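Novice: Each chain is listed here by its residues.
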Amino acid sequence: MTGYRLHTDNLTVSYGKTTALTGINLDLAPDRIHGLLGRNGAGKTTLMSVLASLRRGQGTVRVEGQDPFENEAIMQNVCLIRESGDLLLDEKLTTNLSFLEDARPRFDRTYAESLMATFRLDPAKKPQALSRGQASAFGAIVGLASRAPLTMFDEVHLGMDAPARQRFYHEVLHDFAEHPRTIVLSSHLISEIAHMLETVTILHEGRLLLSNEADDLHVSGATLTGAAEVVDRHATGQQVVGTQDLGPTRQVTVFGDLDEAALAAAERDGLTVGAVPLQDLFIHLTDTDRAEEAS
Amino acid sequence: MTAVTDAPATGRSTPQWRSALHYLLSGYVYMLTLWFWAIALPVVAIIMFIIGQNVDEVTSSGIAFTHHGALWFPFSIAIILSVTYLPIHVANGMTRRSFTRAALAVNVIVGLLNATIATGALLVEREIYHAVGWVHGGTDGSGIAVFNGGVLVYLLGLAMLFIAGQVSGSLIGVAYYRLGGIIGTVALPLCLLPLAAVGLLGLGQGEQWNPWSWTADLAPWGTVVAVLVVIASAGAFHLLVRDIAIDSKD
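Protein chains in written order, with my numbering: chain A, 1 to 295; chain B, 1 to 250.
Don't take each hint at face value.
Cβ-Cβ distance ranges computed for the label pairs, FRET-style [unchecked claim]: (1) B:R242 / A:Q244: 49 to 55 Å; (2) B:V224 / A:E72: 31 to 37 Å; (3) B:S248 / A:P30: 23 to 29 Å; (4) A:E192 / B:S76: 29 to 35 Å; (5) B:V83 / A:A228: 47 to 53 Å.
Read the hints as simulated data drawn from the structure, not as lab findings. Given the structure is predicted, the values throughout are model-derived calculations rather than measurements. The beta carbon of each residue, even a glycine, is placed where N, CA and C say it ideally should be.
Start from the sequences and build out the full structure, keeping to the hints where you can.
Specialist: Listed below in structure tokens is the structure:
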């Protein structure tokens, strides 16, 4: 199986007088796991809705080189899981599986049923009788078992508890390895999904802030960990985007092109130098209040 | 750890609209239609039996009163289908075009099904009325026989009315979904045009049952206009659905 390539050119989407997305130029390569990040209202859901043909925007949208809107061959292979999925609420889960089997040409019912057993979901229950966590789990199952060449999860794991989320992350990676496809993950739990992401796209206030390889972002700064006074000495003059203290130990995240000599000096002074956490970077880049104060 | 199986074949053998039609018919309509008649027919039989015990002669069909149910119940279901099923259909990767085709096919199939069951029940009822010496008249109290214009004409009139009712329901649902509460309400008279056209023009006075006990006697042009209005309304339904935005779940 091959995943779909995504491309948007000057994509703008408005809801009445409110502009949700402005001039988005984006390319996402096939067969990779992409992270789509942004604060509330940044336009993540709108972007995925356009890719899934739930609504139209102005500008160009191409999924595997084709306009996806009302394109039967593309639409059936694009799966957007919004929260708990779009289900037949008054039908049993097993009936929903039958419906999805008809709707999704690559839907793997056996896999879906094995995941339902893993997440302990009763096939005879109706979606409206599920707890929030169970509903989220079923949404995740639908997304995984659809095996769509473009699969997008929009905050699908919101209601899951920590063990369920870990199981979901494990299944995403495991099934992606067996059946490569293009996966877009949108989540506010950045630190939990950071290790899965191959690229990171950040939207902010309807505009594209960045779209880079995750590895490149991790080296766009550094963490310095060690004795607080030593850390402070080496962080002086750097752009600090995060600080954490644990007793006498301090960890700061600095952002920007760092001097190799300065990093080597920090290590010589006993500090541990690490990659910049994605979450710190995200907070720094999207912290509007801090940016306004700085200006 | 869960089992990983090979992905199923990637080709689709069934067009999307037929998959949707299959679901809508099996999951919604057959069930609801059969339930309706399973309840309505015994209730009518019991009521007619009680009436028969208390009057010398019955002059109106009992079954004909169920036409209101066979009209307005699917009308309501058509509204619900447009509002609740459309977003699920599109969000699960099926086109709006396939929804339109499936929904209109359901309207026609269920309309024909209900009209056929109703007419069959009326034929049985007529035999019973004749056997006990009652008059198998219409619900308007005029004493004119239910099948005054012929059984097939009556069946055709019912089918047109039931189909038009569902087209109106589909239009109302999608108008509210697309245009919102205020404009959807303002558009109600337009959405009800198919039902009004068939009910008020239709096949002409005395030829068909109608929900308002009055039909303009303009045959055959009334019929032509009514059919054209239903076809135009189906086109309007398609235009409203073809690029409709599916609501976010926020």
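Novice: Give a verdict on every hint.
Specialist: Status of each hint after checking the structure:
Evaluation of the 49 to 55 Å hint for R242 (chain B) and Q244 (chain A) yields a pass: the beta carbon distance comes to about 53 Å. One distance hint, 31 to 37 Å for the beta-carbon pair V224 (chain B) and E72 (chain A), holds here, with the actual separation near 35 Å. Between S248 (chain B) and P30 (chain A) the CB atoms are about 26 Å apart, so this pair conforms to the stated range of 23 to 29 Å. The given range of 29 to 35 Å is broken by E192 (chain A) and S76 (chain B), whose C-beta atoms sit roughly 45 Å from each other.
Between V83 (chain B) and A228 (chain A), the C-beta spacing of about 60 Å breaks the proposed range 47 to 53 Å.
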